[in-house]
Amino acid sequence: MRYLSVFAGLASLLWAVSALAAGEPAVGPVEKQAVNVTAIVMFLMFVAATLAITYWAARRTKTAKDFYTAGGGITGFQNGLAIAGDYMSAASFLGIAGLVYSKGYDGLIYSIGFLVGWPIIMFLMAEQLRNLGKYTFADVASYRLGQTPIRALAACGSLTVVLLYLIAQMVGAGQLIQTLFGLEYWMAVVLVGILMIMYVTFGGMLATTWVQIIKAVLLLAGATLMAGLVLSQFGFSFEALFTKAVEVHKDGIKIMAPGGLVSDPVSAISLGLGLMFGTAGLPHILMRFFTVSNAKEARKSVFYATGFIGYFYILTFTIGFGAIVLVSTDPQYLDAAKKLIGGGNMPAIHLAHAVGGNILLGFISAVAFATILAVVSGLTLAGASAVSHDLYASVFRHGNVNEVDEMRISKIATVVLGILAIYLGIQFQNQNVAFMVGLAFAIAASANFPILILSIYWSKLTTRGAALGGFMGLATALILVIIGPTVWKDVLGNAEAIFPYKYPALFSMTVAFVATWLFSITDNSDRAKIDRAAYEAQNLRCQTGIGAEGAAVH
Amino acid sequence: MQSDLVEKVRNNPQYQELVAKRSVFAWTLAIIMLAAYYAYILVVAFAPASLGQTLSGGTTTIGIPIGVAIIVFSFILTGIYVWRANTEFDELTRQVKEAVK
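Protein chains in written order, with our numbering: chain B, 1 to 554; chain E, 1 to 101.
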């Protein structure tokens, strides 16, 4: 706690300094490409605070349990904030605000899809994960199944999701920072990579969690302030805001109803499935259920997380509409061709300037950067855990490994993943990476989620069924995205896509579940008998928590 | 878990009560949530115009409160589950653990 008060003091001091700096008269309208001093000062404050936390966390991170799960002593409320932080990525803040800005109501459809996975996680998975797992979701999926194939599959699923997500975040970080701070693209990517390696290798899950909590609080506070400032210009009346938005938007009244984003029923259902169950298969989110001490705290985490995320999406919706009125009509945010400066992700950033001047612009820019940093740290930790705990300790060493070696491997994996992320971030600079988060969700929903939910609930699941079903789900999702419109047409430049739908989840999840079912019920091997016989003991632990991992005493 | 402990827990009446009550409750809530969400998605897919009707003569459409209601509804459902699980189900779990100690 002492460290936290030091941090608060440091932060307020730096805040005062930056406010003074920002108080100097601005010269004309802001040049977005110029170095933004307020934003940089505020961002440096955040970095200083998070490095202090990393130092504090490093002294407390001694065992593998500390490294992977912060010793299992995070409270439900803290974990709820951290989960919400993982979920409120820069992509969802800037991206959804941008979507509302350009399409209006369609942004809300996305937000709802992202949110409704949470109640499902709560009812069917949260406490079960806590009771059965130790460090990674593969612990749960492979609880009674053959370790080698299931761990290998779960690690592949995790790493694919993590890498896709990382590339999207890194490219986003580079582009955003280029626009916001006036830094070079590669410098931004390298900076993000180095900081994230430091947080994770030195501070493990404890540092990663606190970085995420601080960022979540800052982001919620900043978004609340922005939405409040927007509404204050309309007498706190949504009706007045909507009326003005409809007046100035090129699509007029159409922005108040579902538009072209989800045009046919198959796409709508497939997108809905992918968003809802993808959440329940994201390794960096699932990992958070092992940081709390028991099932009760796991449930509370989801309750708080759902509240924060839902509130955040309502704010984002308001911010998007605010930007339609206040940004799209103001020539200082538009270039010569009347296009938004900085591209489609920028409405929320410009709005910060429109309602709160340079100080709020600096604050929101710094928060956006902090968000990317926090999210990539969580992703990297999830990826490193899959390498060290699942691949190295379980697949290659068959569990005969000491904690020191496993920790060393996880730190090496973190550094390698960090460097890989920097490299890929630079390689993909000019590529369209918008499809990658969608693909990550589709794979999470089609490979990770089916084997996880079936291993918890279906007593007849066998190793063969889970391995083949999970693999086929992963492969189907990957192939359908590649031959679908987003990659085949938009990225590779072919005239027509081979597979007509943008969202593969409806098909790939069906393949995964049917294949898992079929290859399980027809499995008469000796291994299958062991798998089925072990269900009862697993279910007892799952239901009661008897034998579950507890919190480490510090 | 040792097989004698498994046997003991399995035959415990509180354990059977816990499993039965929690399964019914959790799956009921999950189905309610799925039904609410897919009802919404199907309206978006098949009858988007119905969400575009004006709410009370102004610009605000029916789709806005419905969308916000689904968000609030999700939060309330999780709250209901937490409330019952943290009291009733945790008490039953405690009794089971006590009995098989």
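None of these hints come from the bench; they were simulated from the model.
Note that beta-carbon positions come from the ideal geometry of N, C-alpha and C, so glycine has one too.
Careful, some of the hints might be misleading.
Ranges between beta-carbon positions, derived for each pair [stated by the list, open to error]:
#1 B:I412 with E:E91: 52 to 60 angstroms
#2 E:K8 with B:K529: 39 to 47 angstroms
#3 E:A47 with B:D526: 48 to 56 angstroms
#4 B:V37 with E:W83: 31 to 39 angstroms
#5 E:S50 with B:E239: 18 to 26 angstroms
Against the earlier hints, flag every one the structure doesn't satisfy and list their numbers going up. Checked against the structure, the hints that fail are numbers 1, 2, 4, while the rest are satisfied.
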